[in-house]
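Colleague: Produce the entire structure from the sequences given, and follow the hints as far as they go.
There are 2 protein chains.
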Amino acid sequence: MDPFYLEAFSEAQKGYQEGGIPIGSVLVYRGKVIGRGHNRRVQQGSSVLHGEMDALENAGRLPASVYRECVLYTTLSPCPMCTGAILLYKIPKVVIGENITFLGSEDYLKEQGVEVEVLQHGPSIALMETFIKEKPFLWNEDIGV
Amino acid sequence: MDPFYLEAFSEAQKGYQEGGIPIGSVLVYRGKVIGRGHNRRVQQGSSVLHGEMDALENAGRLPASVYRECVLYTTLSPCPMCTGAILLYKIPKVVIGENITFLGSEDYLKEQGVEVEVLQHGPSIALMETFIKEKPFLWNEDIGV
Numbered sequence: 001m002d003p004f005y006l007e008a009f010s011e012a013q014k015g016y017q018e019g020g021i022p023i024g025s026v027l028v029y030r031g032k033v034i035g036r037g038h039n040r041r042v043q044q045g046s047s048v049l050h051g052e053m054d055a056l057e058n059a060g061r062l063p064a065s066v067y068r069e070c071v072l073y074t075t076l077s078p079c080p081m082c083t084g085a086i087l088l089y090k091i092p093k094v095v096i097g098e099n100i101t102f103l104g105s106e107d108y109l110k111e112q113g114v115e116v117e118v119l120q121h122g123p124s125i126a127l128m129e130t131f132i133k134e135k136p137f138l139w140n141e142d143i144g145v
Numbered sequence: 001m002d003p004f005y006l007e008a009f010s011e012a013q014k015g016y017q018e019g020g021i022p023i024g025s026v027l028v029y030r031g032k033v034i035g036r037g038h039n040r041r042v043q044q045g046s047s048v049l050h051g052e053m054d055a056l057e058n059a060g061r062l063p064a065s066v067y068r069e070c071v072l073y074t075t076l077s078p079c080p081m082c083t084g085a086i087l088l089y090k091i092p093k094v095v096i097g098e099n100i101t102f103l104g105s106e107d108y109l110k111e112q113g114v115e116v117e118v119l120q121h122g123p124s125i126a127l128m129e130t131f132i133k134e135k136p137f138l139w140n141e142d143i144g145v
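If you read the sequences in order, they're chains A and B.
So in the UniProt record's numbering, spot 140 of the first sequence is number 140, and the numbers just go up one at a time.
So in the UniProt record's numbering, spot 98 of the second sequence is number 98, and the numbers just go up one at a time.
Watch out, some of these pointers could steer you wrong.
The list makes no distinction among identical chains, and a pair is therefore deemed to hold if it is satisfied within one copy or across any two copies.
Said to hold, decoys possible - Listed next, the in silico DSS-like pairs over lysine-lysine satisfying Cα-Cα at most 30 Å (straight line): (1) K93 with K110; (2) K110 with K32; (3) K110 with K90; (4) K133 with K90; (5) K93 with K32; (6) K90 with K32; (7) K90 with K135; (8) K32 with K14; (9) K14 with K133; (10) K14 with K93; (11) K14 with K135.
Because the hints were derived from the structure by calculation, they are not lab data.
Modeller: Rendered as structure tokens:
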């Protein structure tokens with residue numbers, strides 16, 4: 001398993017332990033993690049800090065040239081907002097843990113020229129299934145349902 | 001002029017006075033502003049708090065049913081990230097100050113069923129033109145160019 005993916009998954013696990021929504025992400029530039037994060041809806045009362053957004057936010061302000069050599073790892077298929085952030089910054093590749101418990105805008109990412117790889121990582125699927133069973137209303141809030 | 005739009009414009013002016021990127025936004029629910037904000041790239045070193053995102057963040061956690069009766073006002077045509085946030089939360093209507101200095105993903109918003117109104121508000125165009133002339137590198141960073 002790609003060690004960067006395991007770092008994203010470890011962020012998701014952290015989120016779960018905090019009582020939050022267990023989705024994690026890391027931003028990798030030239031073989032180095034430059035931003036990491038996990039969903040902060042519960043922890044910060046945030047409506048915009050999904051896992052991917054939190055990783056981008058924690059990476060800080062970056063020039064366009066850096067994003068264009070980045071890979072974004074995320075434990076779950078990106079929602080429309082996170083998809084838009086990937087497109088805004090023209091991140092060329094996204095590695096996704098799974099799209100079984102939620103299918104985001106992967107088709108739109110691909111249409112726009114982003115390389116998308118889906119791992120269907122068993123432990124990531126199991127973590128989301130457990131969370132959704134435990135807190136369905138929280139999950140629905142996070143995806144606007 | 002729609003008084004809600006003027007509140008979004010006043011947020012943009014605040015951003016300019018702070019030395020930031022002058023784009024403002026308000027989220028309106030049943031005739032009341034429930035979130036307001038402006039771009040925080042400079043002020044908070046943020047890569048995700050565009051004007052619209054800041055207004056959504058400041059509105060706090062909301063159930064899907066609230067977003068579905070909201071109108072989002074923004075002084076500038078929404079970038080792909082902000083477009084994605086509008087789609088995630090299924091906000092049905094967006095009022096845009098102008099799309100002369102930057103044209104975002106308005107077509108995609110319309111394709112997805114969002115009502116889009118563009119005001120071409122003179123003072124908003126003038127404010128962005130002034131800012132872009134003064135700080136072109138900052139502006140490029142904000143739109144990933």
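Colleague: Against each hint, give a clear statement of whether it holds in the structure.
Modeller: Status of each hint after checking the structure:
{"no.": "1", "hint": "K93 with K110", "result": "both (10 Å within a copy, 27 Å between copies)"}
{"no.": "2", "hint": "K110 with K32", "result": "within (24 Å within a copy, 39 Å between copies)"}
{"no.": "3", "hint": "K110 with K90", "result": "both (12 Å within a copy, 22 Å between copies)"}
{"no.": "4", "hint": "K133 with K90", "result": "between (35 Å within a copy, 24 Å between copies)"}
{"no.": "5", "hint": "K93 with K32", "result": "within (15 Å within a copy, 41 Å between copies)"}
{"no.": "6", "hint": "K90 with K32", "result": "within (18 Å within a copy, 36 Å between copies)"}
{"no.": "7", "hint": "K90 with K135", "result": "between (34 Å within a copy, 22 Å between copies)"}
{"no.": "8", "hint": "K32 with K14", "result": "within (20 Å within a copy, 37 Å between copies)"}
{"no.": "9", "hint": "K14 with K133", "result": "within (18 Å within a copy, 44 Å between copies)"}
{"no.": "10", "hint": "K14 with K93", "result": "within (24 Å within a copy, 36 Å between copies)"}
{"no.": "11", "hint": "K14 with K135", "result": "within (16 Å within a copy, 39 Å between copies)"}
Checked against the numbered hints above, the structure violates none of them.
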